[in-house]
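**Student:** Sequence:
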Amino acid sequence: MEGHGSSNDGSSSEDFKAETESLEEPPCGSLVVLVGLRQVELNGLVGTVEEGGPEGRVAVRLGSGKSLAVRPGNLRLAEVDAFDADPEEDDSPVAPSEDAGLRARKTGACHCAGSSFDPLNQYESRSKSEATFEEEYARANKDLDEEPSNLQQRKTWLSLIFLVLIVGPAVATFFMTAKDWADPLVRVVPPGDSKQVQDIFFGGHAWLVSCVTSKTAATKPPSVLQAAAELLRPRGVRVARVHCWEPLETKKGLRSLAQRFGFRDKPPVVMATRGQGSPTLLAATGLRAEALAAKVLAAVIPEESATVKAYTVREGSHGRSGNRVERVGKRPAEQTEDATKDDAEVPPGHVDEEEEVNLDLD
Numbered sequence: 054m055e056g057h058g059s060s061n062d063g064s065s066s067e068d069f070k071a072e073t074e075s076l077e078e079p080p081c082g083s084l085v086v087l088v089g090l091r092q093v094e095l096n097g098l099v100g101t102v103e104e105g106g107p108e109g110r111v112a113v114r115l116g117s118g119k120s121l122a123v124r125p126g127n128l129r130l131a132e133v134d135a136f137d138a139d140p141e142e143d144d145s146p147v148a149p150s151e152d153a154g155l156r157a158r159k160t161g162a163c164h165c166a167g168s169s170f171d172p173l174n175q176y177e178s179r180s181k182s183e184a185t186f187e188e189e190y191a192r193a194n195k196d197l198d199e200e201p202s203n204l205q206q207r208k209t210w211l212s213l214i215f216l217v218l219i220v221g222p223a224v225a226t227f228f229m230t231a232k233d234w235a236d237p238l239v240r241v242v243p244p245g246d247s248k249q250v251q252d253i254f255f256g257g258h259a260w261l262v263s264c265v266t267s268k269t270a271a272t273k274p275p276s277v278l279q280a281a282a283e284l285l286r287p288r289g290v291r292v293a294r295v296h297c298w299e300p301l302e303t304k305k306g307l308r309s310l311a312q313r314f315g316f317r318d319k320p321p322v323v324m325a326t327r328g329q330g331s332p333t334l335l336a337a338t339g340l341r342a343e344a345l346a347a348k349v350l351a352a353v354i355p356e357e358s359a360t361v362k363a364y365t366v367r368e369g370s371h372g373r374s375g376n377r378v379e380r381v382g383k384r385p386a387e388q389t390e391d392a393t394k395d396d397a398e399v400p401p402g403h404v405d406e407e408e409e410v411n412l413d414l415d
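For the sequence shown, the working numbering begins at 54 and goes up steadily by one.
Since the hints were derived computationally from the structure, they do not count as laboratory data. Mixed in with the good hints, there may be bad ones.
[As the list claims (entries may be wrong)] Restricting the straight-line Cα-Cα distance to at most 27 Å, the calculated cross-link-like pairs of lysine-lysine (DSS-like) are: (1) Lys319 to Lys248; (2) Lys248 to Lys208; (3) Lys268 to Lys248; (4) Lys319 to Lys305; (5) Lys319 to Lys304; (6) Lys248 to Lys305.
[Stated by the list, open to error] Restraint ranges, calculated between C-beta atoms of paired labels, are given here: (7) Ala311 to Glu283: 27 to 35 Å; (8) Phe215 to Phe255: 45 to 53 Å; (9) Ser331 to Pro300: 16 to 24 Å; (10) Gln251 to Val224: 32 to 40 Å.
This structure is a prediction, so every number in the text was calculated from the model and none was measured. Ideal Cβ placement from N, Cα and C applies to all residues, glycine included.
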């Protein structure tokens, strides 16, 4: 009888398998909602999940008596308070409530710990081929999951370089502008500034001084003077424009530089000083920047006197105004006599018309 019973069980299982394999699938796009453990809803029709079914699918018997084979991926869980009780006590199909029938369930854990029935096939839904593919994919891209140890350091350096490239030129321009403002190439000394005048003539540093008046001080420095300042700055010689005929506070009272050092009381006057002693007057009219710089260096640095000859103008040549130009460092005797005669003939109280200082003779 046992053999007969076993044969009957075998035939019934084969019949059930054949029956389930012939089940139809729901229409494309159908939504199957799993309510509780066994109750489902398919497009408004209530059904029951049955044990067994085709491989990879779940058998569902609808209330109309029709059976379907549903893939686990098409099942959607819904949480219904009416099915929180043990499903073994009441197998009657109950429609889900309107407000809770379609709420998504956050976890797919089964309420029944003693039952191994898993209609969604949550834990064994993946085939071996799918698992193998995912493992190989994860192994091949393992280096992408972990950041290199020095990645953060590289990012920091790249950010720093980018910041320097963007901010660097602006910072450099700011410092150059600040330096030019604090220490310009040609310093303009305000009238009556005794402290700066004392620093220029008695501070121990070499200076090229161009005397200006209240009219010429407001104008831009001549290009020859500017170019000479660029040549003299690397040699340690500075250039200044000073009000030589404005009175200054001294130990002997108010005196101008012209009175202090005994030079003419009208422009043009250009002189070089070593920062001590009396300055050296220079004949700078008609000179280029290189020749003027050479004369200044010869006056403040005796060793440079030999280089003055390289920048002299040929004797007998004429300037733009047609006047005769002599060798540098030698003043014509006739011009000296005329200047002395003019100074002697000037009546008391007479003020000469201000003369423009023009070193820009190229």
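**Student:** Decide if the proposed pair is consistent with the structure: Lys319 and Lys305, CA atoms, cutoff 27 Å inclusive.
**Tutor:** Distance of about 23 Å is within 27 Å: holds.
**Student:** Given the hint that Lys248 pairs with Lys208, test it: the Cα-Cα distance must not exceed 27 Å.
**Tutor:** Status violated; Cα separation ~54 Å.
**Student:** Compare the distance between the alpha carbons of Lys319 and Lys304 with 27 Å, and conclude whether the hinted pair is satisfied.
**Tutor:** holds (24 Å)
**Student:** Between Ser331 and Pro300, does the C-beta distance stay in 16 to 24 Å?
**Tutor:** Since the Cβ atoms of Ser331 and Pro300 sit about 19 Å apart, the hinted range of 16 to 24 Å holds.
**Student:** Taking the beta carbons of Phe215 and Phe255, is their distance inside 45 to 53 Å?
**Tutor:** holds (52 Å)
**Student:** 27 to 35 Å was suggested as the range; check whether the CB atoms of Ala311 and Glu283 agree with it.
**Tutor:** holds (28 Å)
**Student:** Compare the distance between the alpha carbons of Lys268 and Lys248 with 27 Å, and conclude whether the hinted pair is satisfied.
**Tutor:** Given pair Lys268, Lys248 holds - Cα atoms ~22 Å apart, limit 27 Å.
**Student:** Holds or violated: Lys248 with Lys305, Cα cutoff 27 Å?
**Tutor:** holds (16 Å)
**Student:** Does the structure keep Lys319 and Lys248 at a Cα separation of 27 Å or less?
**Tutor:** At roughly 23 Å apart (the allowed maximum being 27 Å), Lys248 and Lys319 satisfy the hint.
**Student:** Between the beta carbons of Gln251 and Val224, is the distance compatible with 32 to 40 Å?
**Tutor:** For Val224 against Gln251, whose Cβ atoms are near 36 Å apart, the range 32 to 40 Å holds.
Checked against the numbered hints above, the structure breaks only hint 2 and satisfies the rest.
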